[in-house]
Amino acid sequence: AQKVTQAQTEISVVEKEDVTLDCVYETRDTTYYLFWYKQPPSGELVFLIRRNSFDEQNEISGRYSWNFQKSTSSFNFTITASQVVDSAVYFCALSEAGSGGYQKVTFGTGTKLQVIP
Amino acid sequence: AAGVIQSPRHLIKEKRETATLKCYPIPRHDTVYWYQQGPGQDPQFLISFYEKMQSDKGSIPDRFSAQQFSDYHSELNMSSLELGDSALYFCASSRTGSEGNTIYFGEGSWLTVV
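Protein chains in written order, with the working numbering: chain A, 1 to 117; chain B, 1001 to 1114.
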């Protein structure tokens, strides 16, 4: 069974601080995908990044960076120099292949980030 | 680029009424998912369709049903609505073997049951 754990329920930081959101996953599959989604107060789920299980390279996109470590089953997300617009709930998700080619996707419980001006 | 389209965006129904949500996946996507997100909760998987066949079922109440049509659009039918059904309902789609199987979500349909 697959499981995604986001231990941090809520985080508050002051603008311009760096913040790291933790994600730990469990899966028996050797092939899987990991995702991060952002859910701002308006409600939509915005795709941020995906990683497949064979690609452990860290990625940086502007102020966002992701650290994928298979050894610790973690896929952490860091926001550098946080801004008020980063305030949102962030979900980590895991996708495994189901039977017949479709995917089973499991979400973590989300981390609510509040950036204080 | 085309995204997942959901309608209606907002819906208010009374208890025991029926509601239907519609979803138009991204063109050429072969999998459609429905999720329910209650206030302050993470999205909960309801049901999915792969190539128009039901592929998986999650915590979907028996009062709910869904189907995917020949044009790949999907509908979620909810009957005998209860106050606890008030939630944000997401439809999502993906294309197997493409873009890392990324799942893209619609903007959601807000259902309020009064």
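Quick caveat, the hints were computed from the structure, so don't treat them as lab data.
Owing to the predicted nature of the structure, the values given are computational and were not obtained by experimental measurement.
From the three backbone atoms N, C-alpha and C, an ideal C-beta is built for every residue, glycine too.
Please note: incorrect hints may appear among the correct ones.
[What the hints assert, rightly or not] Which chain A residues face chain B? A few, computed with CB under 10 Å, are given here:
1) Ala1
2) Tyr37
3) Gln39
4) Gly43
5) Glu44
6) Asn52
7) Tyr64
8) Phe68
9) Val89
10) Gln103
11) Phe107
12) Thr109
Right, here's what the structure says about each hint:
1. Ala1: 13 Å, violated
2. Tyr37: 7 Å, holds
3. Gln39: 9 Å, holds
4. Gly43: Since the shortest Cβ distance to chain B is 5 Å, the answer is holds.
5. Glu44: Holds: closest Cβ of chain B sits about 5 Å from Glu44/A, inside 10 Å.
6. Asn52: 6 Å, holds
7. Tyr64: 16 Å, violated
8. Phe68: 13 Å, violated
9. Val89: 9 Å, holds
10. Gln103: 6 Å, holds
11. Phe107: Holds. Min distance 5 Å.
12. Thr109: 5 Å, holds
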